[in-house]
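If you're matching them up, the sequences are chains V and R in order. First residue of the first sequence? That's 1 in the working numbering, and the numbers climb one at a time after it. First residue of the second sequence? That's 1 in the working numbering, and the numbers climb one at a time after it.
Please note that a few of the clues may not be correct.
[What the hints assert, rightly or not] Below, simulated DSS-like cross-link-like pairs (lysine-lysine); rule was C-alpha separation at most 30 Å, straight line:
1. K2/V x K2/R
2. K78/R x K26/R
3. K28/V x K84/V
4. K28/R x K78/R
5. K84/R x K23/V
6. K28/R x K2/V
7. K26/V x K84/R
8. K28/V x K26/R
9. K23/V x K2/R
10. K78/V x K28/R
11. K2/R x K26/V
12. K23/R x K23/V
13. K28/V x K2/R
14. K26/V x K78/V
15. K28/R x K23/V
16. K78/R x K26/V
17. K84/V x K2/R
18. K78/V x K2/V
19. K2/V x K84/R
20. K78/R x K28/V
21. K28/V x K78/V
22. K28/V x K28/R
23. K84/V x K2/V
Quick caveat, the hints were computed from the structure, so don't treat them as lab data.
Protein chains: 2
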Amino acid sequence: MKSIIATLATLCVVSSYIPQIVKGLKTKSLRDVSLIFLIVIILGTLLWIFYGFLNQDYIFLLANSVILIFAICLTIMKIMYERKRPV
Amino acid sequence: MKSIIATLATLCVVSSYIPQIVKGLKTKSLRDVSLIFLIVIILGTLLWIFYGFLNQDYIFLLANSVILIFAICLTIMKIMYERKRPV
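When you get a sec, could you build the whole thing from the sequences and use the hints?
As structure tokens, then:
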């Protein structure tokens, strides 16, 4: 029971970034998404990855690695879109 | 060591929503933030809260409750700002 809830919760949190990336790719704008939010999420997931490594919890490590990749993608997209924006 | 990393990681993930809320309040726009992202985050944190409750892990439950409140705030702000936007 607990592991099902944990799996579903992890799937939700990991997959939540997909619609954000899709929206960003469609609108070519992530102006309203805070860069600090993304950087702090990256920092947090890096710490969780290290925690998963120390605990040898590789599922946890994998889930956070996927979030890290998504957050890095969003950060790169945001920076790229901001640069292209006319002043 | 592990608990310090877990605490720091939790603090990062929880606090990451603050700059996003501040940005939203300043710009009065969350158009680029995906509503599906917010809803799935809310669903995920609700599941984590339930998991924390089952495990009697009240720190974990509290951290996810704060994320839940932040995500609900962002969702309400987004809906309000979208309604006010001229067509």
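Hint check results:
A threshold of 30 Å between alpha carbons decides the hint, and for K2/V with K2/R the separation of about 22 Å falls inside it, so the pair holds. At roughly 13 Å between alpha-carbon atoms, K78/R and K26/R fall within 30 Å of each other, so this suggested pair holds. Straight-line distance between C-alpha atoms of K28/V and K84/V comes to about 10 Å, which keeps the hinted pair within the 30 Å bound. Under the criterion of a C-alpha separation no larger than 30 Å, the hint pairing K28/R with K78/R is consistent with the structure, at around 9 Å.
Restraint check: the Cα-Cα separation between K84/R and K23/V comes to about 21 Å, which is no more than 30 Å; the hinted pair holds. For the suggested pair K28/R and K2/V, the alpha carbons sit about 39 Å apart, so the restraint of at most 30 Å is broken. Between K26/V and K84/R, the direct Cα distance comes to roughly 23 Å. Compliance with the 30 Å bound is thereby established for this hinted pair. For the suggested pair K28/V and K26/R, the alpha carbons sit about 22 Å apart, so the restraint of at most 30 Å is met.
Taking the CA atoms of K23/V and K2/R, the gap is about 36 Å. The hint is violated against a cut of 30 Å. Taking the CA atoms of K78/V and K28/R, the gap is about 19 Å. The hint holds against a cut of 30 Å. Of the supplied pair hints, the one linking K2/R and K26/V is violated, its CA atoms being roughly 40 Å apart against a limit of 30 Å. For the hint linking K23/R to K23/V, the alpha-carbon distance of about 19 Å falls within 30 Å, and the restraint holds.
Annotation: proposed proximity of K28/V to K2/R is violated, straight-line Cα distance about 39 Å (limit 30 Å). Proximity of K26/V to K78/V is assessed by CA-CA distance (about 13 Å); at most 30 Å being required, the pair is judged to hold. Distance check on the hinted pair: K28/R and K23/V sit about 19 Å apart at the alpha-carbon level, within 30 Å; holds. Distance restraint check for K78/R and K26/V: the Cα-Cα separation of roughly 18 Å lies within the 30 Å cut-off, and the hinted pair is therefore satisfied.
With a C-alpha separation of about 42 Å, the suggested pair K84/V and K2/R falls outside the 30 Å cut-off, and the hint is violated. Between the alpha carbons of K78/V and K2/V the distance comes to roughly 37 Å, so the proposed pair goes past 30 Å and is violated. Annotation: proposed proximity of K2/V to K84/R is violated, straight-line Cα distance about 42 Å (limit 30 Å). Taken as a hint, the K78/R and K28/V pair is honoured in the structure, with Cα atoms around 19 Å apart against an allowance of 30 Å.
At roughly 9 Å between alpha-carbon atoms, K28/V and K78/V fall within 30 Å of each other, so this suggested pair holds. In summary, the hint linking K28/V to K28/R is supported, as the alpha carbons are separated by about 19 Å, within the 30 Å threshold. Distance restraint check for K84/V and K2/V: the Cα-Cα separation of roughly 46 Å exceeds the 30 Å cut-off, and the hinted pair is therefore not satisfied.
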